[in-house]
Amino acid sequence: MMNPRDEFGLTQLREIDRIADQFEDAWRQGQHPQVEEWLIARDDIRVPLEAELKRIEREMQMGNDGDMTRDQPALPDTLCRQASDDLSFDTGESTDESLVDEFETIWRKESSLNAESFVRLRCPDSDSNTFERIISRESDLRSQRFKGEIDSRSAESLPSHFGRYEVRGLISKGGFGEVYSALDPKLDRKVAIKTPRVDRAVNESTRQDFENEAKLICRLEHANILPVYDYGMSDFGRPFLVCKLIESETLAERIATGPISFAETVKICSAVAGALHHAHQSGVVHRDVKPANILLESDGHPWLTDFGLGLESPKVHLDHDHSGTLMFWSPEQALGKGHLIDGRSDIFALGIVMYVMLTREHPFEANTDKGVWKRITEADVKPPRQCNDRIPPELEEVCLKALRRDPKERYSTAEDLGLALEEVGTYQPQPIDVSHIEIPNAIADLVERLAINVHEVWASKRISEGWVVGPARSDSKKTHPDLVPFEQLSKTEQDYDREVVESVLKAAIALGSRIEPPPSDSAE
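Just so you know, the sequence shown maps onto residues 9 to 532 in the numbering used here.
None of these hints come from the bench; they were simulated from the model. Treat the hints with care, since some could be wrong.
Claimed, not checked - Derived lysine-lysine pairs resembling BS3-like cross-links, with alpha carbons at most 30 Å apart:
hint, residue 1, residue 2
1, Lys-345, Lys-252
2, Lys-382, Lys-62
3, Lys-298, Lys-345
4, Lys-181, Lys-62
5, Lys-275, Lys-298
6, Lys-298, Lys-252
7, Lys-62, Lys-416
8, Lys-345, Lys-62
9, Lys-198, Lys-252
10, Lys-378, Lys-390
Unchecked claim - Here are the simulated distance ranges between beta carbons:
hint, residue 1, residue 2, range
11, Glu-45, Glu-386, 18 to 26 Å
12, Lys-382, Pro-193, 50 to 58 Å
13, Arg-197, Lys-382, 41 to 49 Å
14, Gly-245, Arg-197, 20 to 28 Å
15, Glu-255, Gln-30, 31 to 39 Å
16, Arg-398, Ala-59, 30 to 38 Å
17, Ser-420, Leu-47, 35 to 43 Å
18, Gly-308, Leu-195, 22 to 30 Å
19, Arg-66, Pro-267, 43 to 51 Å
20, Arg-227, Ser-420, 21 to 29 Å
21, Gly-245, Ser-269, 45 to 53 Å
22, Ser-269, Gln-394, 14 to 22 Å
The structure presented is a predicted model; accordingly, all values stated were derived computationally and were not measured. Glycine included, C-beta positions come from ideal geometry on N, C-alpha and C.
Taking the hints into account, I'd like the entire structure generated from these sequences.
Put into structure tokens, the structure is as follows:
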């Protein structure tokens, strides 16, 4: 019997998977969605979509009557599916170590899980120490995976090779594709191999989509676009792309591990803007810019990847096209106005990425997909500084302009966005002139006491980093002989600490002189 999906291409299959995931999420949230309602305006993919939704409906109905319980925590569907692998989630008390081990067990089966999501959904009341240990374990696991030391599937189930490329391990698995680490024995270099998931049907349209993606990326040579080295067909009839292997993390994983500095945000977003401008100049719109599609090397160098949904401009202008990722849709994508989709749609998506990096919040967050859609198409974006008032106003202005609902009000080109970011990155506040300010004699003793405090704080910091105060000892790993009591410092060293304090005090006096005192309530 023919699979209803077999006659459809990569873009349509991804759309089916996206809708199916939303449908399943609705079931898990207790909404009992009706299949027919989800087929409205989906005539182009109605047959395979209906088959997929009815399959999910049957599974959910069986689950609610049998194995699945509604008392389980609302984990993502990638985790819920682990029920079939005999994984259970105990909602009672768990020791720190058991939570760390539980995270590792799940991660080895579904590496898209990150520590932040696990803690938020599984153990939101855990202390910061547990969270840090889970993050550390995740970092170790990802490092081992990139080195080929572990794999999320048994070695027996992995393909041994794709063409001449020898498979070393499975790096990640998404809704449609899988990415493997591999070795090119001919050139003796590590590579990444992208191919459709083994449980997905592959037909001529799928193979053509992969070939088109390979040819498209080969045209886009840029320092921040992940290069494709090769394209081929495996011995078992599956297309594959051979790409540069980035042995670090995605921006999504980087965001999950903790705050990102403003300087790093500017650096990454301006580089991605440059990559997008190059693509746009070549007539290609990415249509799926998001943190998961930005890879970061260990030195922070970003690579824009996954042009699987990228289309050349003449092919983009199709109405009712909802390709991409809902959370990073532009308003014109959300409304299905394909004739309005162009490079400015990618600029909007990069604006969302920037917003998330700056605030660690999503500008269009909502409880349901419908809510997200409504916010994208109708709601005003909350200014980033309302989430974090330390964000430089100039950087907030750039972010908000990229997120204007009307494409005509955004940056005209990604290059303009990149230039605006570079201007923010090179901005330096004017130094305060303190040359004319003298420290009053009345606070000379304060300077001395503060100089001693400066020295003690510095010493404490170095001690916490593993330095040893005083003479070197044979059992010390690191020694800093200068970390001695203040009174034992040389006159030159004491004067240096005093100068630091005096500079700070002078700056404070200069700033104070610029502020007018409040009017007195008393009569003169």
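Subject >> Structure-inconsistent hints, enumerated in ascending order >> reply: Violated: hints 1, 7 and 16.
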